[in-house]
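Position chains B, C and D against the provided structure of chain A, taking the given hints into account.
Going down the list, the sequences are from chains A, B, C and D. Quick note, the first sequence lines up with residues 4 to 355 if you use this note's numbering. Quick note, the second sequence lines up with residues 4 to 355 if you use this note's numbering. Quick note, the third sequence lines up with residues 4 to 355 if you use this note's numbering. Quick note, the fourth sequence lines up with residues 4 to 355 if you use this note's numbering.
Some clues are possibly wrong.
Derived pair list, reagent style EDC-like, types lysine to aspartate or glutamate, alpha-carbon separation capped at 20 Å [unchecked claim]:
1. Lys189(D) <-> Asp191(B)
2. Lys189(C) <-> Asp289(A)
3. Lys189(B) <-> Glu187(D)
4. Lys112(C) <-> Glu216(C)
5. Lys189(A) <-> Glu187(C)
6. Lys189(D) <-> Glu187(B)
7. Lys189(D) <-> Glu46(B)
8. Lys189(C) <-> Glu187(A)
9. Lys307(D) <-> Glu276(D)
10. Lys307(D) <-> Glu275(D)
11. Lys189(A) <-> Asp289(B)
12. Lys189(C) <-> Glu46(A)
13. Lys307(C) <-> Asp269(C)
14. Lys189(B) <-> Asp191(D)
15. Lys189(B) <-> Glu46(D)
16. Lys189(B) <-> Asp289(A)
17. Lys189(A) <-> Asp191(C)
18. Lys307(C) <-> Glu276(C)
19. Lys307(D) <-> Asp269(D)
20. Lys189(C) <-> Asp269(D)
21. Lys189(A) <-> Glu46(C)
22. Lys189(D) <-> Asp289(C)
Just so you know, the hints here were simulated from the structure itself, not pulled from any lab data.
There are 4 protein chains.
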Amino acid sequence: MISVGVVGATGYAGGELVRLLLGHPNVRLAGLYGRNRDNQPIETSHPHLSSSGLVIDQAIPEADAIFTALPHGVAAGMAAEIVARGSALLDIGPDFRLHNPADYPTWYKFDHPAPELLAQAVYGLPELHRREMRDAAARTPTVIGLPGCYPTATILTLAPLARAGLIGDLAVDAKGGVSGAGREPKADMLFSEVNESVKAYGLFNHRHTAEMEQELQAQGERGSLGSRDANPGVATVDFLPHLIPMTRGILTSCHVRPTRPVTQADLDALYEEAYRDEPFVQVVADPPATKHVFGSNVCRICVKVDPRSGRVLAIGVIDNLVKGAAGQAIQALNVLFGLPETTGLEQYPIAP
Amino acid sequence: MISVGVVGATGYAGGELVRLLLGHPNVRLAGLYGRNRDNQPIETSHPHLSSSGLVIDQAIPEADAIFTALPHGVAAGMAAEIVARGSALLDIGPDFRLHNPADYPTWYKFDHPAPELLAQAVYGLPELHRREMRDAAARTPTVIGLPGCYPTATILTLAPLARAGLIGDLAVDAKGGVSGAGREPKADMLFSEVNESVKAYGLFNHRHTAEMEQELQAQGERGSLGSRDANPGVATVDFLPHLIPMTRGILTSCHVRPTRPVTQADLDALYEEAYRDEPFVQVVADPPATKHVFGSNVCRICVKVDPRSGRVLAIGVIDNLVKGAAGQAIQALNVLFGLPETTGLEQYPIAP
Amino acid sequence: MISVGVVGATGYAGGELVRLLLGHPNVRLAGLYGRNRDNQPIETSHPHLSSSGLVIDQAIPEADAIFTALPHGVAAGMAAEIVARGSALLDIGPDFRLHNPADYPTWYKFDHPAPELLAQAVYGLPELHRREMRDAAARTPTVIGLPGCYPTATILTLAPLARAGLIGDLAVDAKGGVSGAGREPKADMLFSEVNESVKAYGLFNHRHTAEMEQELQAQGERGSLGSRDANPGVATVDFLPHLIPMTRGILTSCHVRPTRPVTQADLDALYEEAYRDEPFVQVVADPPATKHVFGSNVCRICVKVDPRSGRVLAIGVIDNLVKGAAGQAIQALNVLFGLPETTGLEQYPIAP
Amino acid sequence: MISVGVVGATGYAGGELVRLLLGHPNVRLAGLYGRNRDNQPIETSHPHLSSSGLVIDQAIPEADAIFTALPHGVAAGMAAEIVARGSALLDIGPDFRLHNPADYPTWYKFDHPAPELLAQAVYGLPELHRREMRDAAARTPTVIGLPGCYPTATILTLAPLARAGLIGDLAVDAKGGVSGAGREPKADMLFSEVNESVKAYGLFNHRHTAEMEQELQAQGERGSLGSRDANPGVATVDFLPHLIPMTRGILTSCHVRPTRPVTQADLDALYEEAYRDEPFVQVVADPPATKHVFGSNVCRICVKVDPRSGRVLAIGVIDNLVKGAAGQAIQALNVLFGLPETTGLEQYPIAP
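Chain A on its own, in the form it takes in the complex (with noise of 0.2 Å):
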């Protein structure tokens, strides 16, 4: 058994990683931590789980996994002290996402006070840096920078055009779930400002836009073109995210013109190419609806050409708490202890 811990438990990220957790069948949930939780039932933060007879409280757990779900800045100044300690550090926030440590003063407004954990983070997306996940498994201290909810969708629904070098223009139009913004009460994310209404938010400053940036750039790095410029429409992601009235759930549809013409079969080959080994990536022919991954750690995806414009549209759904959040942490603590990367996470969809 792994002995686990969740440190940040009494938010939606950190509740749906308890709940996952409880399920899974190679973890000890070794503690739960809230700031000035002292011994704390479970249902007080979460009612959907109080028989499982859980307390929040106040300590790091000991434990040889930590999961960290906290605002941005607090795991970074806590995790030196959990790494001292043994324990591989799994950060859901986005402390350890970001490789260049002054992207933090640009994007997040804090500058990182642990820049030489940072240096060895690995960005925890899976599909994508599965081996580099593994190497730092072996090696101390392991920090793993999982991914923000949009940049998990976005770059796996982009990352096979990215890598072919054919994003030539990219427009990135997000919609996003309220369960997103949190827990914290704001006056905007009432049920009767949300309800009946649709917004755009985060115009051309968006945190997760820098994930976006690193991450198709560096698979257009990777890529058969082999260049950083085959990618022109990355370098600077115009990401457009949208509040709409739902609870979970997040589609991206990225608008591409393409650097050079391709056929729908281009398109199939390469998708089918780049994900048929995925457990969790699904390459679908219709467009994709977020319910149809309710609760799962599925991405769904679904990329068609134009044959009228020759443009491109790839589509990806996912459950922005699962994939998007606990899901995904879950699926990197699988890779790091080598377990099938599906334990604990074979849960189907729930739908209507």
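Leaving out everything else, chains B, C and D in the frame of chain A:
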């Protein structure tokens, strides 16, 4: 008093039209038509309007103006009869929107049965075609093809950029409420399917694409650059609508790579000039929510340039049943009959 | 023109009041008050009303009538100042609803600071107290305690039964939209908590219970049976509200075991007589939906006797922000100032 | 492994059953039946289950157990054929719930075609009829009539009160999600109709009333008072369901005037004793939300006495597609085949 009739009064657009006409001070409702209805009380179709005491019948009303809110192809077949009686025809459906008869078999899969009427029809978006609409009122027959809901939002949002020849590359990513899909019982419009989900639909073939291309190209020709080729991005509009879990409202996000560098001040001036005298277009500084226009005839637009990439985002919101259908129809009626355009349309939006 | 001021203009009820007052032909808005607001444009609080050009300030307006829409206890503290200037006071909050000062510490946990004003206050439900309201308008000070949202729906739904002494046993089971909980950011009113969920709240201690008991008992005393004991079911009303995932609307289901057998014809006659001249009460044959009254000042009621058990069901729906708050306040204003009660309130409901 | 078949796999209950069976460790799916389906991939009906690779066919599967999830009257017609092959029949529909054949024409408007099978059927609520279910498993044919969704929640919520002879007067006011109405396209189940609305339906004639009366009366007979007349309130249950804008979940609010005074301690003891060993019934101190049980087989119950009036409120919540349909069916399967009842049903609820 202007006598008006509504043909197709049982659907959502028809119901909204009746609601608004009941509050119009210069209108007398001459009759409501519904297929196979025989003096049926209005509450059978629209329980919220029961106290009006109106009935729905199956005779086409005699009136100064007839609104048609019908499935595509149906109004075109009735048009000759309506105009022969001297009624002005205002079609909320698509049958008189596209100037080129050949576009009907391409986009709507029917051959237009009244091309000679189509040739006289005016695209009824007052903000762009007020003068042609007034001209149409002065001749016989008077036929107005009222814009679709997505085109209304998108064309108003982009027209100033198109006239300035600024649209280099363009992705129009729209989000629409379910009422736009009409009232026919369809399995995929059931609450259980739509709630807590989002999906794209109509990839590459949504019929509203044709209107957007027609009108945005025309704006380019009218524009300062005076050339059809000024806006290469609108030759074939990359339009992708999404169904989101709300009833009313459309938000259109227009991702534009401009043909030349622009500043925020340029954009502000462009939109200020275009819309300062328009009673129903509000240019705002912050990204608008559809809830800001719910129940009103207002279109709110926000346009921003990304200082990092130079790309332009233009975002517009409307209530699809008001400015996108019934309200716009009444605005057109006001234009045709020489009334102030806001007559009967002064309602503020309802929130929350 | 009647000059009116709104104290507490930044909340949901205040915003709705402003929206409706903007359309009232006999009203001049003298000022809007919000705590710590200093000439703040209205869009800061109510983006949908931005085109009104109104501002919110922190001086109590001088006006013929002042509406207060404030947390409980606050209006009571300001009332003396307001009436001293000669303004009629119409309180949308609860501070002047309960005739017995002792009810305030019991239900609202504060001692009423102005019992002498309370003694002069009239419960502002025109359908039951029109005459007392007119009398109040003729004297100084004029203080109207406007009914709560649940009581409005429930009292109108049950009054004819109460007057007839028919309420033997009673369970009032209500369902309310989230806007009734106000605009303060509370974690349990976040979209993610409310969406796709329903729960009961306020078990045995919801403050609106006191109003219902007061008014239903009074109706019994006025009724044909002339006795407080005619309706044993209303001595202590069994009231249970539920929070459901919608923004506006209240539906109250009143389960009545009648004190004596009744027929459907009895019930129909009772309600027809009670409400035939009421412009805002519609007695309907089929169970109403809250959507049938959305955005309007209408209360729809359906009452049925179960032929199998003899029990009576009386169901009522309102829009909690209109007939349950702002619309009712304007209706009261119209009563006080001798205008037709429907002035400014003629809007039909909006659907879908 | 138990081989099972699902007849009626294309609806919501059928889809949920397949989803849960896919995760059941002791079950082999022998076949899925859908009318007029010919080897159709499951994603045609249930896109979220596409990766299962299952197909839907129109041959009734050979299996140890057959689940039927069909419109009323259909399973009764197929039952003889199914049991003749030796399959245990577990009907999720209503055809084997009511012991008295005469109740079918009364409540369901059909004459039961297999009264001899009905006579052998057991009402499959394990918490009340575990022993009879085991007995049924030991004989041939084995026919289980699985409870309806509203009855499951209501009967579990009231059974301890009924057995104690405490139900003097009773109003059952239930709120249900839209998935309970099934998947047939009906105009009044469209998103635009249901969203932002609530209405009562099935006044005095909802079919689930018959089950509640049957079972609550029977509990009274089994109870400490040993008499059918102990609970006068359940002779004819006053049951009123409401449609609310959510997909899954039922909340039942049972308003009880007790036959004799009770204290909170009495109630706590009664429910503790009734349910302490039940794995799927959780008695909680605070009013539960349907979101606390979403996706799980749990029924949460809260029971309180009003110190002011002496009335009792008993509130229960379930997920209508799990404990109210598919989960309960699997729980019954586990009972019949001697497995721990929680097998395949251990999932925690999903929130938010």
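Taking the hints in turn, this is what the structure says about them:
The suggested pairing of lysine 189(D) with aspartate 191(B) holds, with an alpha-carbon distance near 11 Å, which does not exceed 20 Å. Using a Cα cut-off of 20 Å, the hinted pair lysine 189(C) and aspartate 289(A) is violated, with the two alpha carbons roughly 40 Å apart. For the given pair, lysine 189(B) sits about 9 Å from glutamate 187(D) by alpha-carbon distance, which is consistent with the 20 Å threshold. For the proposed pair lysine 112(C) and glutamate 216(C), the alpha carbon gap of about 18 Å is at most 20 Å, so the pair holds.
Of the supplied pair hints, the one linking lysine 189(A) and glutamate 187(C) holds, its CA atoms being roughly 9 Å apart against a limit of 20 Å. Among the hinted pairs, lysine 189(D) with glutamate 187(B) is consistent with the structure: their alpha-carbon atoms are about 9 Å apart, no more than 20 Å. Annotation: proposed proximity of lysine 189(D) to glutamate 46(B) holds, straight-line Cα distance about 18 Å (limit 20 Å). A C-alpha spacing of about 9 Å is found between lysine 189(C) and glutamate 187(A), which places the hinted pair at or below 20 Å, so the restraint holds.
A threshold of 20 Å between alpha carbons decides the hint, and for lysine 307(D) with glutamate 276(D) the separation of about 16 Å falls inside it, so the pair holds. The straight-line distance between the Cα atoms of lysine 307(D) and glutamate 275(D) is roughly 13 Å, inside the 20 Å bound, and the hint therefore holds. Pair hint lysine 189(A) plus aspartate 289(B) holds up; C-alpha atoms about 18 Å apart against a cutoff of 20 Å. At roughly 18 Å between alpha-carbon atoms, lysine 189(C) and glutamate 46(A) fall within 20 Å of each other, so this suggested pair holds.
A threshold of 20 Å between alpha carbons decides the hint, and for lysine 307(C) with aspartate 269(C) the separation of about 10 Å falls inside it, so the pair holds. Simply put, lysine 189(B) and aspartate 191(D) have alpha-carbon atoms about 11 Å apart, close enough for the 20 Å limit, and the pair holds. Simply put, lysine 189(B) and glutamate 46(D) have alpha-carbon atoms about 18 Å apart, close enough for the 20 Å limit, and the pair holds. About 18 Å separates the Cα atoms of lysine 189(B) and aspartate 289(A), which keeps this hinted pair within 20 Å; it holds.
With a CA separation close to 11 Å, the supplied pair lysine 189(A) and aspartate 191(C) stays within the 20 Å bound. Distance check on the hinted pair: lysine 307(C) and glutamate 276(C) sit about 16 Å apart at the alpha-carbon level, within 20 Å; holds. For the given pair, lysine 307(D) sits about 10 Å from aspartate 269(D) by alpha-carbon distance, which is consistent with the 20 Å threshold. Between the alpha carbons of lysine 189(C) and aspartate 269(D) the distance comes to roughly 35 Å, so the proposed pair goes past 20 Å and is violated.
The straight-line distance between the Cα atoms of lysine 189(A) and glutamate 46(C) is roughly 18 Å, inside the 20 Å bound, and the hint therefore holds. A threshold of 20 Å between alpha carbons decides the hint, and for lysine 189(D) with aspartate 289(C) the separation of about 18 Å falls inside it, so the pair holds.
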